[in-house]
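Novice: One letter stands for each residue in the lines below.
2 protein chains.
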Amino acid sequence: MHGNEAAASRSVAVAGPHTMTEVNTYTRRRLTDAPFLAAATGATPSRRPVWFMRQAGRSLPEYRELRKGIGMLESCFDPELVCEITMQPIRRHGVDAAILFSDIVVPLKAAGIDLDIVPGVGPVIASPVRTAADVRALPRLRPEEVGAVTDGIELLVDALGDTPLIGFAGAPFTLASYLVEGGPSKNHERTKAMMHADPTTWHELLGVLTDITVAFLQAQLAAGVDALQLFDSWAGALSLADYRTFVLPHSERVFAQIATAGVPRIHFGVGTGDLLGAMGEAGADVVGVDWRVPLTEAVRRVGPGKALQGNLDPAVLFAGSAAIESEARRIAGEADEAITMGAAGHIFNLGHGVLPDTDPGVLTALVELVHEL
Amino acid sequence: MHGNEAAASRSVAVAGPHTMTEVNTYTRRRLTDAPFLAAATGATPSRRPVWFMRQAGRSLPEYRELRKGIGMLESCFDPELVCEITMQPIRRHGVDAAILFSDIVVPLKAAGIDLDIVPGVGPVIASPVRTAADVRALPRLRPEEVGAVTDGIELLVDALGDTPLIGFAGAPFTLASYLVEGGPSKNHERTKAMMHADPTTWHELLGVLTDITVAFLQAQLAAGVDALQLFDSWAGALSLADYRTFVLPHSERVFAQIATAGVPRIHFGVGTGDLLGAMGEAGADVVGVDWRVPLTEAVRRVGPGKALQGNLDPAVLFAGSAAIESEARRIAGEADEAITMGAAGHIFNLGHGVLPDTDPGVLTALVELVHEL
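Line by line, the protein sequences give chains A and B.
Position 216 of the first sequence, counting from 1, maps to 216 under the numbering used here, and the rest follow consecutively.
Position 275 of the second sequence, counting from 1, maps to 275 under the numbering used here, and the rest follow consecutively.
Bound-form chain A, shown alone (with noise of 0.2 angstroms):
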């Protein structure tokens, strides 16, 4: 059975440096025939693979139900629960990935910042950093303060049979802004001003959270995940010079510290037409497009050889099933077209995460549809 030949795997994997890539290639040859693996690396999918951004939560009513009483950090460290609430959308759709269900905040909660996930809010940040001595005393992250996440991820692995796992962490630019701003923030004010006025401070408080999101990484990597998602959420808001100034070296680190896993890795923000570019020069094997540039366009920004993830805009999705299916047909022809472009691939997904009141029956009958296209 594949789930008891993984768990042997990872078990190995636990026992020297060099196991993580044994599992990683055990893991690649166990989904050699996964579409949305195939995708992602060049090869030829045997169904265009889909999966949608935010697929497991706020959407689903067994999700909610299941959520009752708990809080979601809570969710987030309970193996069991971050197993079932992974797994409730790949039972209900039948999507291409699974994409594990945790938070961008996990690492640094598990590192041990104090921090809470306020309904309607978002996380808040007990003491929000914003001076080199605030910079020098952040910890660090052991792979044991994950282990709740690790747990649940081998417990996913046997649970998704031949379904590939999507591991993910937030990129350290929206991790700092967090830390910053001391919570979400429409403006980055307090952020963009430690960039600009204290860049050395910046960029050891960039390094401090590139190594937390590559230690999250590696131990996800360890569990087994089949692919990496690098989310930089807020990353939009910033001109590509600042971008490249005071983000993309980061980034890039992240990318090239995960790289010898040999998995397919992921990179997506909103609102980033102009940073695309350089977002795939980060090191992403996967670049994510939001719907606001079109697939075609995506590839001549992104260049060749890179797969394109997205993109249709998750608003459509309340627009009824005519207006979803042209949107569809047009999303698939124009990741085509790019394919011939030269684009190694094209995984369906929105071109952000599901809205809270889509209706999940919508998702449902994308996913088929998707899949005749």
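Think of the hints as simulated: they come from the structure by calculation, not from any bench.
Possibly wrong hints are sitting among the right ones.
For identical chains, the list gives no copy identity; a pair is met inside one copy or between any two copies.
[What the hints assert, rightly or not] Heads up, simulated SDA-like pairs for lysine to any residue below, C-alpha to C-alpha not over 20 angstroms straight-line:
id, residue 1, residue 2
1, Lys109, Gly183
2, Lys186, His371
3, Lys109, Gly305
4, Lys109, Pro139
5, Lys186, Leu355
6, Lys68, Asp103
7, Lys68, Pro356
8, Lys186, Gly236
9, Lys186, Asp357
10, Lys109, Thr296
11, Lys186, Ala259
12, Lys109, Gly182
13, Lys109, Arg140
14, Lys186, Asp78
15, Lys68, Gly277
16, Lys186, Pro61
17, Lys186, Asp359
18, Lys186, Asp151
19, Lys68, Arg54
20, Lys109, Ala332
21, Lys68, Gly161
22, Lys186, Glu144
23, Lys186, Arg58
24, Lys186, Gly353
25, Lys68, Pro360
26, Lys186, Met341
Add chain B to chain A, keeping to what the hints say.
Specialist: Relative to chain A, chain B alone:
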């Protein structure tokens, strides 16, 4: 005295259909040396003009003092307050243009739509517009319904002397988003759903909002404004294809119907990197650029013959004088290069509105710096 002459000219303006042009011909003659108008119209300004979006408002202590106990909409419909609040940043910063203190929902309120501006929330619409019947029930705007605004403009033309006054309105798409969503929206899902699911109703709605916008802008022109800015605050949420199909024809009609006035027309939205060319096509003389796209790139997208406005990241104003100076010099340099590439001129501004916590002293110093560049 200039003010009295302008007032005399305005009193003619209400007498017949052709007098609006007369007023504005007069106004432009009066302000022929104003750096802002020179830069906007392809002439050579005596110094680099600068003003700030949201310069009138939240960042100024004298504004917060004046607004104590007075609601936002109440302020917008009080001619004396409109004049005083608009004047405050002129006196304090010495900027090269005044921007009418108003709000984009003012013409909707004036036309009789039940709405309020709730502190900390934004505009809240009592009965959102979601059906064809809702659209058919929408009122039009009669000029006398914005008499308080035009009275404020008449006071301002007297008070401002040689400083040009920029009138403004929200663009039809942004107004539609407020009406359909019922208030500010992050994802505009109901708006986009109407667009895609019922394009006939959508275009009817945008047609009504175009009529209201044109009526509001024509009233401002008749009262004596020297330039107009059309804010499409939320246009950046759209793909270029959706913008072209569902928005551009209406914004184009707005610009066409105010063209005979002969005053510079500015168009701005945030996060509109991929829309800049189309927003220029809509008919603006000046295209506002947010901080994400360098002016040298903006001129390529907009094409030659239009002036550019922008584009300092408002968050940089929190980074200290050295960073601000460095960024302002970079922008001035890129603007000069953009002019050699075909841009008709450059008006220095932020890439978005002044943030509420901005130190007003920093803005004053920036005006002095820009005037030296």
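Novice: Against this structure, judge whether each hint is valid.
Specialist: Status of the hints after comparison with the structure:
1. Lys109 with Gly183: Classified as within; 13 angstroms inside a copy, 34 angstroms across copies.
2. Lys186 with His371: Neither, since 37 angstroms and 30 angstroms both go past 20 angstroms.
3. Lys109 with Gly305: neither (36 angstroms within a copy, 53 angstroms between copies)
4. Lys109 with Pro139: The answer is within: 10 angstroms in one copy meets 20 angstroms, while 53 angstroms across copies does not.
5. Lys186 with Leu355: both (19 angstroms within a copy, 10 angstroms between copies)
6. Lys68 with Asp103: within (18 angstroms within a copy, 41 angstroms between copies)
7. Lys68 with Pro356: within (16 angstroms within a copy, 38 angstroms between copies)
8. Lys186 with Gly236: Both: 11 angstroms inside a copy, 15 angstroms across copies.
9. Lys186 with Asp357: between (22 angstroms within a copy, 13 angstroms between copies)
10. Lys109 with Thr296: neither (39 angstroms within a copy, 43 angstroms between copies)
11. Lys186 with Ala259: The answer is neither: 33 angstroms in one copy and 35 angstroms across copies each exceed 20 angstroms.
12. Lys109 with Gly182: This pair counts as within: shortest intra-copy Cα distance 14 angstroms, inter-copy 37 angstroms.
13. Lys109 with Arg140: within (11 angstroms within a copy, 54 angstroms between copies)
14. Lys186 with Asp78: So Lys186 and Asp78 fail the 20 angstroms test inside a copy (31 angstroms) and across (31 angstroms) alike.
15. Lys68 with Gly277: For Lys68 and Gly277, the Cα distance exceeds 20 angstroms both inside one copy (42 angstroms) and across copies (48 angstroms).
16. Lys186 with Pro61: Classified as neither; 29 angstroms inside a copy, 23 angstroms across copies.
17. Lys186 with Asp359: between (28 angstroms within a copy, 18 angstroms between copies)
18. Lys186 with Asp151: neither (35 angstroms within a copy, 35 angstroms between copies)
19. Lys68 with Arg54: Cα proximity of Lys68 and Arg54: one copy only (18 angstroms, versus 43 angstroms across).
20. Lys109 with Ala332: neither (39 angstroms within a copy, 43 angstroms between copies)
21. Lys68 with Gly161: neither (28 angstroms within a copy, 63 angstroms between copies)
22. Lys186 with Glu144: neither (34 angstroms within a copy, 37 angstroms between copies)
23. Lys186 with Arg58: Cα proximity of Lys186 and Arg58: across copies only (16 angstroms, versus 22 angstroms in one copy).
24. Lys186 with Gly353: This pair counts as both: shortest intra-copy Cα distance 18 angstroms, inter-copy 13 angstroms.
25. Lys68 with Pro360: within (19 angstroms within a copy, 47 angstroms between copies)
26. Lys186 with Met341: neither (36 angstroms within a copy, 34 angstroms between copies)
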